[in-house]
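Q: Now for the letters of each chain:
There are 4 protein chains.
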Amino acid sequence: MTESVNRVVLAYSGGLDTSVILKWLQQTYQCEVVTFTADLGQGEELEPARKKAEMAGVKPEHIFIDDLREEFVRDYVFPMMRANALYEGLYLLGTSIARPLIAKRQIEIARQVNADAVSHGATGKGNDQVRFELGYYALAPDIRVIAPWREWDLTSRTRLIEFAEQHQIPVSKDKRGEAPFSTDANMLHTSSEGKVLEDPWDEVPDYVYSRTVNPEDAPNEPETITIDFERGDGVAINGVGMSPATLLETLNDLGRKHGIGRLDLVENRFVGMKSRGMYETPGGTIYHLAHRGIEQLTLDRGAAHLKDELAPRYAELLYNGFWFSPEREMLQAAIDHSQEKVTGTVRLKLYKGSVAVTGRKSPFSLYSEKVVTFEDDQGAYDQRDAAGFIKLNALRLRLLGRRDQG
Amino acid sequence: MTESVNRVVLAYSGGLDTSVILKWLQQTYQCEVVTFTADLGQGEELEPARKKAEMAGVKPEHIFIDDLREEFVRDYVFPMMRANALYEGLYLLGTSIARPLIAKRQIEIARQVNADAVSHGATGKGNDQVRFELGYYALAPDIRVIAPWREWDLTSRTRLIEFAEQHQIPVSKDKRGEAPFSTDANMLHTSSEGKVLEDPWDEVPDYVYSRTVNPEDAPNEPETITIDFERGDGVAINGVGMSPATLLETLNDLGRKHGIGRLDLVENRFVGMKSRGMYETPGGTIYHLAHRGIEQLTLDRGAAHLKDELAPRYAELLYNGFWFSPEREMLQAAIDHSQEKVTGTVRLKLYKGSVAVTGRKSPFSLYSEKVVTFEDDQGAYDQRDAAGFIKLNALRLRLLGRRDQG
Amino acid sequence: MTESVNRVVLAYSGGLDTSVILKWLQQTYQCEVVTFTADLGQGEELEPARKKAEMAGVKPEHIFIDDLREEFVRDYVFPMMRANALYEGLYLLGTSIARPLIAKRQIEIARQVNADAVSHGATGKGNDQVRFELGYYALAPDIRVIAPWREWDLTSRTRLIEFAEQHQIPVSKDKRGEAPFSTDANMLHTSSEGKVLEDPWDEVPDYVYSRTVNPEDAPNEPETITIDFERGDGVAINGVGMSPATLLETLNDLGRKHGIGRLDLVENRFVGMKSRGMYETPGGTIYHLAHRGIEQLTLDRGAAHLKDELAPRYAELLYNGFWFSPEREMLQAAIDHSQEKVTGTVRLKLYKGSVAVTGRKSPFSLYSEKVVTFEDDQGAYDQRDAAGFIKLNALRLRLLGRRDQG
Amino acid sequence: MTESVNRVVLAYSGGLDTSVILKWLQQTYQCEVVTFTADLGQGEELEPARKKAEMAGVKPEHIFIDDLREEFVRDYVFPMMRANALYEGLYLLGTSIARPLIAKRQIEIARQVNADAVSHGATGKGNDQVRFELGYYALAPDIRVIAPWREWDLTSRTRLIEFAEQHQIPVSKDKRGEAPFSTDANMLHTSSEGKVLEDPWDEVPDYVYSRTVNPEDAPNEPETITIDFERGDGVAINGVGMSPATLLETLNDLGRKHGIGRLDLVENRFVGMKSRGMYETPGGTIYHLAHRGIEQLTLDRGAAHLKDELAPRYAELLYNGFWFSPEREMLQAAIDHSQEKVTGTVRLKLYKGSVAVTGRKSPFSLYSEKVVTFEDDQGAYDQRDAAGFIKLNALRLRLLGRRDQG
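Protein chains in written order, with my numbering: chain A, 1 to 406; chain B, 1 to 406; chain C, 1 to 406; chain D, 1 to 406.
Just so you know, these hints were derived from the structure itself, not from any lab. Just so you know, even glycine gets a beta-carbon here, dropped at the ideal spot from N, CA and C. Be aware that one or more of the hints could be misleading.
[Claimed, not checked] To be clear about the criterion: a stretch of chain B counts as covered by chain D if any three or more of its residues have a C-beta under 8 angstroms from a C-beta of chain D, and this derived list gives those stretches:
1) 65–76
2) 266–273
3) 334–342
[Claimed, not checked] List time: in silico BS3-like cross-link candidates among lysine-lysine, alpha-carbon distance up to 25 angstroms:
4) K195/C <-> K257/D
5) K195/B <-> K349/A
6) K175/D <-> K195/C
7) K195/B <-> K370/A
8) K349/B <-> K349/A
9) K257/D <-> K175/D
10) K370/A <-> K175/B
11) K349/A <-> K257/B
12) K349/D <-> K257/C
13) K175/C <-> K370/D
14) K370/D <-> K195/C
15) K195/D <-> K361/C
16) K349/D <-> K349/C
17) K195/D <-> K349/C
18) K361/D <-> K370/C
19) K349/B <-> K195/A
20) K257/A <-> K349/B
21) K370/B <-> K175/A
22) K370/B <-> K195/A
23) K361/B <-> K195/A
24) K257/D <-> K370/C
Pulled out of the complex, with its shape left as it was, chain A reads as follows:
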């Protein structure tokens, strides 16, 4: 594990943990550390990370702080939303979808600065280590990967803080004790897990939520909005055209206000254990439902049902970290093929934690009032056709029945 490393690109948040990692890498591997800090809309200022990196001796030209918000929504969140992906029926995959982008950018930087290794701050029990590292290996098969949490001996909070103090890493007061829970955030969601959430019977305390108001405190009046879609992606809210990231931010504001998108989940991690988490996905929850709404009108049944059958697999692949895999790309090719006419407008009502589609329209609607009407349809549909349709669908069941009920 200690074969020589020259230069390592670290996914660096500027927080205590990755600051300790930065120092530990320098010390353990006697190598140059390059920091990469991504703005994925997590809502934190990133310039302090630059300062901290500088203070830790990182060369200015080796400090990368990138605003990836548009790329994140356009090339990761939206493609995933086209699939209507839900992990285990409920989870909108907010953490999973951010990891491949970080990994991809880290590898790009590694190539740019001629680094021979990459490193991240994910622990050895979670899914994120897998997601980062599968991304690294897929994009740079021979890269060296350093996962400090699996290597070092700073296995307790106390030792981590000791190490920080020994190395002049500032430790803010609230980091000194054990955190009551740990969080991850990006533009799509905030997740929290650990400590106060570890007993899945205990209700999530209200102070854990940070992205949404409590539904009980949300406005007493519902709010109605529209989202316009083009080829499967959102392009406007209330008729106002927006870039992908702006659109998601706008939905986040709406979701926050109305207490939308909270989820308390016990899920199955790829590494084999169950964990309990709390998710807040305000804008994503609205968007997901809206996308289903526009598909209802514009997707053919065959396409829609095939998508529904593929979606759990797609979600599992993302959750497990296989974004950069041939099978995810194959599924994406199938899904994207279906979205060409997924264009139109969905109206939604937001109210105290819930979101409901209340209308949808499209220039490419497959809904035919003329065919479906209870009124006289003037020959658009011949009800007698149904007799033959049923008879032939029943034929095999009748042959079975004759055999088995003789």
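For chain A, the structure is supplied; the task is to place chains B, C and D on it using the hints.
A: Showing chains B, C and D alone in chain A's frame:
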């Protein structure tokens, strides 16, 4: 179509349409009509149906009025709920699941009274004709099926009412005009479609809802309940043991009060067209989420993900009317096999249209705080294992990367 | 059914049945008939069809005889082969894959000559009627479709021949009696069914086979060949580059000689019944196995397994006639995405009815002798990684075991 | 890794490798070794293993030699064959299916003799280590597993033989050099891989095959046999009732004689690499095809197609070692549910490497000559039903076409 029929068992609600059908059958086929009226918890009194049937000349011993509520929930709704079935991602299949039971009972009665035919009041454009008739044919392959809506010439409301009046069938005032929408109801749900709902852009008018209060009118205080499950089925609410039907009724009351389970949907019918419907599934919506909640704790990942992949197919089979088919039974066998340890308690919060799981516990929990904890786990999980796990999962991606990025 | 038709495009083989249909259409609908005869490599001369059409009064400019062999193999057979599609595990879909192309061309001609209807000679019990008509409707939703076998009263052989004789349609001697079986042929296969094949316990008589020698009569020496693939499609045999149709013809010759590709099958028709058929797919059988051979080397496991899971659905769609459907196109998009590097050479041995892959090589091979070797691999694979891999894959099973075997 | 072990149950073949392991375990762990040798029909005498174990100091009461042949075929091979499982479309899973039974028996013995560990001789690059260990952990979550090949330093053949010689382990002459390939055998198959097989372009040398004659040397006359099935399992050959193991042995003899069941495959291992193997599955190949043959007649289409869609997943689970997993059991429950009427007789022709179904019959046949006949079916099937069937299946495609081709 007019080959001789001796005795036909009609699925008879006592309403105007099936009363017209009763008379039309007698007249057209010169046959005896046997009426079958099922109590599936639709919330209507059924004794008037007896009177009407008698008035129409049906022999008392040929009037069947059966309370099927417990059988409906125990043998149809609960097995479906074990599958977490949602049609097109959202619809809880409330109408679909009632049809096979009605068909089954009709065939039993046909055998009992020596009838050679069965009949129903479903139209030629919908899914219900298919569901009824596939059920009939599967259970009695050589039964004669009469679908008046596909045969007769009473194709407009006016002609239907004329026919009723000619034959002394009482027509209540509100039935004289075109109904603004049509509904189907049973203990699981009420569905509405047609007329005022036909434009999928128009919001569903509030007067269409009958089973739930408007969320805005629901109590301002959330209500917390628990549901106990045993082997995948609900057995108690708030610790009070209940029969399946009582349990569902109790959840319906709770859902009604809190405005839970409304759904505005454009769906794909089996007969090939899109339709727009409104569904109210108050208790079922709560139950569905609670079942997922207890599975989160007690189902292994392999079982859970397999279930998630099979669920869309299962839902499609039910929606299309293939309850009595080998493939539905195969899927059910797989699903039921997974439910042996799905036992425990789920806590839910009901509030203004939304329902959220806030806790779950089980004597058969697979969640291990000891393994998952961020704290020192005392060797329950060796983080170094993750390195090998990732390495071998990455191996094929690295080989790919070496080939494709060389 | 007798609303006026002006001009109908008939899929016309020149044989007795479609000649009767031609006349019957003229007579019944008082319409102009346009004939379309496709060369799909069925191995019959097509010019006689022109003469017969002329004799039946079809205008010369309304007689279409098209050589579709290259299009057939390139745009239909090859894409299907990329999917490794087998219906019910065994059948290479030789009839199914020809129908959409015929339908497509018929619709093109209908547009060209301003026809308002199309017609085909498939019977009312088979799959082909469905395949033709789903193709017609998908490509020309408002086209009028005439299916004589479902409409007319020529329901016995005797009446058909009477009609032919009344209308000066030549009836060759061997057509006077009942045929002992019926066949369909194109470049991919010949199928036979009916009469002497109707008892699935009876062995298929040797005289039914027309495309392959009996394996017992095949050469006593095996023959070794190579097929080169590029991006998933065959491009050369024994190093000689060939067009798609030439390549398939060449494989057909080889298959014929070695008795390869015979299949006796009882299959499930889309219309609900079982039928027994005999298929000869000489070249296709070799090609199918060769394609699997090259994929073994060049497809990643994730892609390969996803393909294997999608293939039965893809095959079912083709068999049922849904070539022109969004869901088939979605699957094709996924499959085609996987084929980019499916390039290389497969060596096969042909011998007395069997075909075996004996070697494969590729510039894009993912097989790594260095990794897989039993010898010292010099660090290409660290066996200790397997321990962690197994441990984490086992974790959920251990948690289960502790619960269930406690 | 050297925490103390008291008693370990070793899967012991008596060959050189497991003899070395036996000694190495005694020495390294200072523990008692219990040997378990299974007769799975691999065709070797097992009593020598007893002698060798005794010589190595294993107590007589700690030497277990069990004849598991009937259990192997009845409870492992047959259930798998009910699924028609083929890994990557071709491989009959002969090695995969034996591992869970060995693991199960090892755990039973461990409980019986109060052992705290189990051990096996599979290497760190293959699938078998995973299959053994997932089995161990599923059945005994807290068992200690020792995998010598991943632990020791005997990483070359030379060192292994040195160790053997130092410890008086007899080394036969042919084991002194590198073996040209390695094999695994049981009643279902023999597999070979490594060395001379490592270049996937090189043809498998004839001397590698041990279970089948070269097809070219097989009899010049075909042989016809019948297999009787009851509820999905084979029960008789040529009308002679047989136990599962006897039936498979009998088919093996037939397959050997006719050169049936050879397969040259490049496959994807669970541990992430491709490997090239040669398989001989003489009886299994015949049985697999025969089972499909009887299903053709007795399985409904819905059941058959669902099975075909589930089979790749089932095969993957077995290959990867997840026999003792909830998801495999769920799939098995579904599959077994379908087999109740899979009863009847299949006739097959064996000839020079190929096997063909030539007839099948069943008291539970769903094939209806009356329905399928080209002749007058006397109303068993109304061809006009097909019109409605097609119309409604086409409806969504027509609505699509009107939208997209307008």
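Q: Now tell me if each hint is right for this structure.
A: Each hint, compared with the structure:
| no. | hint | result |
| --- | --- | --- |
| 1 | 65–76 | violated (count 0) |
| 2 | 266–273 | holds (count 4) |
| 3 | 334–342 | holds (count 5) |
| 4 | K195/C <-> K257/D | violated (35 angstroms) |
| 5 | K195/B <-> K349/A | holds (22 angstroms) |
| 6 | K175/D <-> K195/C | violated (61 angstroms) |
| 7 | K195/B <-> K370/A | holds (12 angstroms) |
| 8 | K349/B <-> K349/A | holds (21 angstroms) |
| 9 | K257/D <-> K175/D | violated (29 angstroms) |
| 10 | K370/A <-> K175/B | holds (23 angstroms) |
| 11 | K349/A <-> K257/B | holds (20 angstroms) |
| 12 | K349/D <-> K257/C | holds (20 angstroms) |
| 13 | K175/C <-> K370/D | holds (23 angstroms) |
| 14 | K370/D <-> K195/C | holds (12 angstroms) |
| 15 | K195/D <-> K361/C | holds (17 angstroms) |
| 16 | K349/D <-> K349/C | holds (21 angstroms) |
| 17 | K195/D <-> K349/C | holds (22 angstroms) |
| 18 | K361/D <-> K370/C | violated (51 angstroms) |
| 19 | K349/B <-> K195/A | holds (22 angstroms) |
| 20 | K257/A <-> K349/B | holds (20 angstroms) |
| 21 | K370/B <-> K175/A | holds (23 angstroms) |
| 22 | K370/B <-> K195/A | holds (12 angstroms) |
| 23 | K361/B <-> K195/A | holds (17 angstroms) |
| 24 | K257/D <-> K370/C | violated (37 angstroms) |
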